[in-house]
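Kindly produce the complete structure, drawing on both the sequences and the hints.
Protein chains: 2
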Amino acid sequence: MSTSVPSARPSADEHTTGGVTLGPIEGSTKHYLADGDLRIPQRRVHLTNGEHLDLYDTSGPYTDPEVEIDVERGLPPVRGAWRRPAPIDGAATQLAWARAGLVTAEMRFIAAREGCDAELVRSEVAAGRAVIPASHRHPESEPMIIGKAFAVKINANIGNSAVTSSIEEEVEKMVWATRWGADTIMDLSTGKDIHVTREWILRNSPVPVGTVPIYQALEKVNGDPAALTWEIYRDTVIEQAEQGVDYMTVHAGVLLRYVPLTARRVTGIVSRGGSIMAAWCLAHHTESFLYTHFDELCEIFARYDITFSLGDGLRPGSIADANDEAQFAELRTLGELTAIAKSHGVQVMIEGPGHVPMDKIAENVRLEEELCEEAPFYTLGPLATDIAPAYDHITSAIGAAMIAQAGTAMLCYVTPKEHLGLPNRDDVKTGVITYKIAAHAADLAKGHPRAQERDDALSKARFEFRWNDQFNLALDPDTAREFHDETLPAEPAKTAHFCSMCGPKFCSMRISADVRAYAEEHGLVTAEDIDAKLAADMAAKSDEFRRSGGEVYLPLEAL
Amino acid sequence: MSTSVPSARPSADEHTTGGVTLGPIEGSTKHYLADGDLRIPQRRVHLTNGEHLDLYDTSGPYTDPEVEIDVERGLPPVRGAWRRPAPIDGAATQLAWARAGLVTAEMRFIAAREGCDAELVRSEVAAGRAVIPASHRHPESEPMIIGKAFAVKINANIGNSAVTSSIEEEVEKMVWATRWGADTIMDLSTGKDIHVTREWILRNSPVPVGTVPIYQALEKVNGDPAALTWEIYRDTVIEQAEQGVDYMTVHAGVLLRYVPLTARRVTGIVSRGGSIMAAWCLAHHTESFLYTHFDELCEIFARYDITFSLGDGLRPGSIADANDEAQFAELRTLGELTAIAKSHGVQVMIEGPGHVPMDKIAENVRLEEELCEEAPFYTLGPLATDIAPAYDHITSAIGAAMIAQAGTAMLCYVTPKEHLGLPNRDDVKTGVITYKIAAHAADLAKGHPRAQERDDALSKARFEFRWNDQFNLALDPDTAREFHDETLPAEPAKTAHFCSMCGPKFCSMRISADVRAYAEEHGLVTAEDIDAKLAADMAAKSDEFRRSGGEVYLPLEAL
Numbered sequence: 001m002s003t004s005v006p007s008a009r010p011s012a013d014e015h016t017t018g019g020v021t022l023g024p025i026e027g028s029t030k031h032y033l034a035d036g037d038l039r040i041p042q043r044r045v046h047l048t049n050g051e052h053l054d055l056y057d058t059s060g061p062y063t064d065p066e067v068e069i070d071v072e073r074g075l076p077p078v079r080g081a082w083r084r085p086a087p088i089d090g091a092a093t094q095l096a097w098a099r100a101g102l103v104t105a106e107m108r109f110i111a112a113r114e115g116c117d118a119e120l121v122r123s124e125v126a127a128g129r130a131v132i133p134a135s136h137r138h139p140e141s142e143p144m145i146i147g148k149a150f151a152v153k154i155n156a157n158i159g160n161s162a163v164t165s166s167i168e169e170e171v172e173k174m175v176w177a178t179r180w181g182a183d184t185i186m187d188l189s190t191g192k193d194i195h196v197t198r199e200w201i202l203r204n205s206p207v208p209v210g211t212v213p214i215y216q217a218l219e220k221v222n223g224d225p226a227a228l229t230w231e232i233y234r235d236t237v238i239e240q241a242e243q244g245v246d247y248m249t250v251h252a253g254v255l256l257r258y259v260p261l262t263a264r265r266v267t268g269i270v271s272r273g274g275s276i277m278a279a280w281c282l283a284h285h286t287e288s289f290l291y292t293h294f295d296e297l298c299e300i301f302a303r304y305d306i307t308f309s310l311g312d313g314l315r316p317g318s319i320a321d322a323n324d325e326a327q328f329a330e331l332r333t334l335g336e337l338t339a340i341a342k343s344h345g346v347q348v349m350i351e352g353p354g355h356v357p358m359d360k361i362a363e364n365v366r367l368e369e370e371l372c373e374e375a376p377f378y379t380l381g382p383l384a385t386d387i388a389p390a391y392d393h394i395t396s397a398i399g400a401a402m403i404a405q406a407g408t409a410m411l412c413y414v415t416p417k418e419h420l421g422l423p424n425r426d427d428v429k430t431g432v433i434t435y436k437i438a439a440h441a442a443d444l445a446k447g448h449p450r451a452q453e454r455d456d457a458l459s460k461a462r463f464e465f466r467w468n469d470q471f472n473l474a475l476d477p478d479t480a481r482e483f484h485d486e487t488l489p490a491e492p493a494k495t496a497h498f499c500s501m502c503g504p505k506f507c508s509m510r511i512s513a514d515v516r517a518y519a520e521e522h523g524l525v526t527a528e529d530i531d532a533k534l535a536a537d538m539a540a541k542s543d544e545f546r547r548s549g550g551e552v553y554l555p556l557e558a559l
Numbered sequence: 001m002s003t004s005v006p007s008a009r010p011s012a013d014e015h016t017t018g019g020v021t022l023g024p025i026e027g028s029t030k031h032y033l034a035d036g037d038l039r040i041p042q043r044r045v046h047l048t049n050g051e052h053l054d055l056y057d058t059s060g061p062y063t064d065p066e067v068e069i070d071v072e073r074g075l076p077p078v079r080g081a082w083r084r085p086a087p088i089d090g091a092a093t094q095l096a097w098a099r100a101g102l103v104t105a106e107m108r109f110i111a112a113r114e115g116c117d118a119e120l121v122r123s124e125v126a127a128g129r130a131v132i133p134a135s136h137r138h139p140e141s142e143p144m145i146i147g148k149a150f151a152v153k154i155n156a157n158i159g160n161s162a163v164t165s166s167i168e169e170e171v172e173k174m175v176w177a178t179r180w181g182a183d184t185i186m187d188l189s190t191g192k193d194i195h196v197t198r199e200w201i202l203r204n205s206p207v208p209v210g211t212v213p214i215y216q217a218l219e220k221v222n223g224d225p226a227a228l229t230w231e232i233y234r235d236t237v238i239e240q241a242e243q244g245v246d247y248m249t250v251h252a253g254v255l256l257r258y259v260p261l262t263a264r265r266v267t268g269i270v271s272r273g274g275s276i277m278a279a280w281c282l283a284h285h286t287e288s289f290l291y292t293h294f295d296e297l298c299e300i301f302a303r304y305d306i307t308f309s310l311g312d313g314l315r316p317g318s319i320a321d322a323n324d325e326a327q328f329a330e331l332r333t334l335g336e337l338t339a340i341a342k343s344h345g346v347q348v349m350i351e352g353p354g355h356v357p358m359d360k361i362a363e364n365v366r367l368e369e370e371l372c373e374e375a376p377f378y379t380l381g382p383l384a385t386d387i388a389p390a391y392d393h394i395t396s397a398i399g400a401a402m403i404a405q406a407g408t409a410m411l412c413y414v415t416p417k418e419h420l421g422l423p424n425r426d427d428v429k430t431g432v433i434t435y436k437i438a439a440h441a442a443d444l445a446k447g448h449p450r451a452q453e454r455d456d457a458l459s460k461a462r463f464e465f466r467w468n469d470q471f472n473l474a475l476d477p478d479t480a481r482e483f484h485d486e487t488l489p490a491e492p493a494k495t496a497h498f499c500s501m502c503g504p505k506f507c508s509m510r511i512s513a514d515v516r517a518y519a520e521e522h523g524l525v526t527a528e529d530i531d532a533k534l535a536a537d538m539a540a541k542s543d544e545f546r547r548s549g550g551e552v553y554l555p556l557e558a559l
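Here the protein sequences line up with chains U and G, keeping their order.
Residues 1 to 559 in UniProt numbering are what the first sequence spells out, letter by letter.
Residues 1 to 559 in UniProt numbering are what the second sequence spells out, letter by letter.
None of these hints come from the bench; they were simulated from the model.
Keep in mind that the hints are not guaranteed to be accurate.
Put simply, identical chains are the same to the list, so a pair is met inside one copy or across any two.
Subject to a maximum C-alpha distance of 25 Å in a straight line, what follows is the list of computed SDA-like cross-link-like pairs (lysine to any residue) [what the hints assert, rightly or not]:
no. : residue 1 : residue 2
1   : Lys220    : Leu371
2   : Lys360    : Ala149
3   : Lys360    : Glu336
4   : Lys192    : Thr333
In this text the structure is predicted, and so the values were computed from the model without any measurement.
See below:
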């Protein structure tokens, strides 16, 4: 696939076939950890100083040149041969097995991938504080976990609509999104060919796939919410379950009596699923069929091990509507449904807002944990202000980082096109990178083990003027390299001990390195050293430093 | 000036002359509030429903078609004829006058601009919790205030370096940055023609201009820090003071004994000014001349009413180095210097980091307020992670929004080129818009009066499908409009009751509007209404809703 804008320029190793981007990210190779019969993929970044750093890798086989890719055939079913324990009380789910004390292959895979103990994985799943979205019918997926004890995850929404897009574009969007770090993807298609689009995505997706079944159900009744029935919805869920959808958004908390609570809002109901169910409830003056048939839904989910993503159909769509009565009324009902789902052995996560000012973010997490038994929270942003359409990846990254720090387990990305149009290839990449930033910032703030390794490696490379290492350790090596080259394109500049910000004659990083060399040479590395030696030692050495400083500057000034 | 990329596309009213962008931002006109002899500029956004919203306006006369712009002559000296009170104890400063109970014209102007009482302005300045950077020699500037009781401000750095750029480009960067919302600009030029560049910027700048005098002083000694002297520095400060610089960054807290504290850091000293002074201290084994001559500096600043921006020369340059001994040792010294400056009647703000993980941000504000008498905090970001070069406007917007929520008064912007190269015109705009987001998100979170007006107006426009109003109320109307038009370029789409995300057949916003109409028609607007009327009223009306809903959908389906 050709790319027309700089930020999506193919890197040296990147190429495409059949419309799909292949090859490793610049400076990296695929590396597999071995755990018994399991092979856990990692992205190995090779540094110019001979070291390397292994990173969590969501990109699947597409970045492994050893794997032959054929999108018509789909990915190899990596989980196909794994032993599956027997159902427990009708539930063939990771939750049921975790509660029974079983450590599944998926849990072992995840433990190696996260760098933690498999028992932590099992116990968090058993407690309902983490979910493993891994449908039996989607064996192509590489197991991953969503829970606050683990690295914060991100989801990328893709999907065609009635207005634009094609199937090939959607599959490539999935490959493209996971290449840059999407941990799950949601297929939110609303137009034609929903079934076929989803089949292509599932057979080719190395990450869990989520859907909102009500969208397809609505297509089946020609877009009239009032014409929906439980039976149409149920059959749609089964159709999608058979295909292998790993988690489904279900807006079962939009109750009839909550709908009028939104009437005085500035932006009413902004969730598509929420508004469909609100329209249905009002049209029939009947309680939502998603709520009244919730037990039956649980029985279906339990058979395939589909994870609930209980949708927040009444989430606020503006700063003015944040944390209002409608939003929290629905959240209480989601808590009730969480308990029901778990009683069926079904895994649950809870969706969250939306648009929330920074001072109201923590309250969302606190209430969600209190009302929903600490089920993993999965939020859309939230946007910290409404006034920046075209920059809502940024308005929402602020809220996303903060809500993840407070305990949200997965962040649904927002692209620059939010509120304005459908994201293209570049928008998807921008959204994913922006959300990797938010998730990683939260991991750092939470003190997640290993989170700071990458920051330290990159900062060390920066300080030592290893420009290529700095680029390759970045979330987006291609754009970092390109921005650098705009000002200083010559290859020697990548090893020069200066950059374009200050120019060759003066550089704070270089002076700083000189200070370090001096201080270490003279044993001045702690406050005690300094107090003790300052007067005597440094006075004698100042001339020496001036001389050595002059020697260091000379060759650089001569550039 | 021609623009080559979409995000900087000229809007309908925008044009350029002499290399400078002129004309109002799309959908807006210049409006002046009158307060006696003062005329306070505002940006009036005109809405299609006949309403308007007046916004804080940093763009100066460039967006007023009534004002003839001549960059050779410079802007009219708006403050030139204002009465200036007599010096008090040698200080002709807003601080000295505020302490004496005087409300200056600048304070009145600011009160009208901020929408607060002039006494609040005076008392915050008198307490040292706010500063008004307004040199007597820069009468072209429109007064503004930096303090946590007021709207959070942002600064944009511009300036040439030895490697690239020209004078005309720098002046246009200033005009461009203030057009999009920069409250102050800093001229950080390090190459040739520093004096002339600064003169052009000052004579044409409607916002306060800051500098780092040590950069020019270093040029005078051919880039050798060891060759600097107090006399050379002092003369540089006076040269810049005579030109009209409003605030100056002075790294007087980098003491000899603190320098070796940075030796074991991952990224040493990353501040240019900090590293220059560190090199000087080590070379001479003498205490920093900025520290030892600080009283003389205060006397100069007091004459012109230049505001100190006490630089954090030892700020962390990586997550690993955040909140360390070197950083906070310097902060304590800045507190000492704050007291000295204020004893001379000189206004002071304190610069802050840098790179700080989210969990360590609040501590920076707490300590700054405790150690520096609540002098306004002015921070660079901070970046919440190191791993995203090319996206550091975003990594830092996260930190900036949080630190502003905690009390920071002004945020120094970061552009996508941070760490990689010099920002171009588009990078400057991206940096400014991103920081307006961070500042505004903080204003919302702090409950700043009037902050939410714009969010509500935009969200209301969004909900009512007033697309042009949504664009024109946005921080960047041009890019919002352009993103929308990528998918749905036709003019009728700007009034259509749907958008490209869902297509014409189904739209949650439209369903939501239907719900509102229904609920309001039937008096269902509070929880009490609902509990009381649900059973009786709604049952009877459900058929009616279904019918009215059908009527609403019909014309849209026919599109």
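Checked hints:
Taking the shortest Cα distances, Lys220 and Leu371 never come within 25 Å of each other, neither inside one copy (35 Å) nor across copies (66 Å). Proximity of Lys360 to Ala149 under the C-alpha cut-off of 25 Å is found in both arrangements, the shortest distances being 23 Å within a copy and 20 Å between copies. Proximity of Lys360 to Glu336 under the C-alpha cut-off of 25 Å is restricted to the intra-copy arrangement: shortest distance 23 Å within a copy versus 37 Å between copies. Taking the closest pair of Cα atoms, Lys192 and Thr333 never come within 25 Å of each other, the shortest separation being 33 Å inside a single copy and 67 Å across copies.
Figure legend: structure checked against the earlier numbered hints; hints not met, in rising order: 1 and 4.
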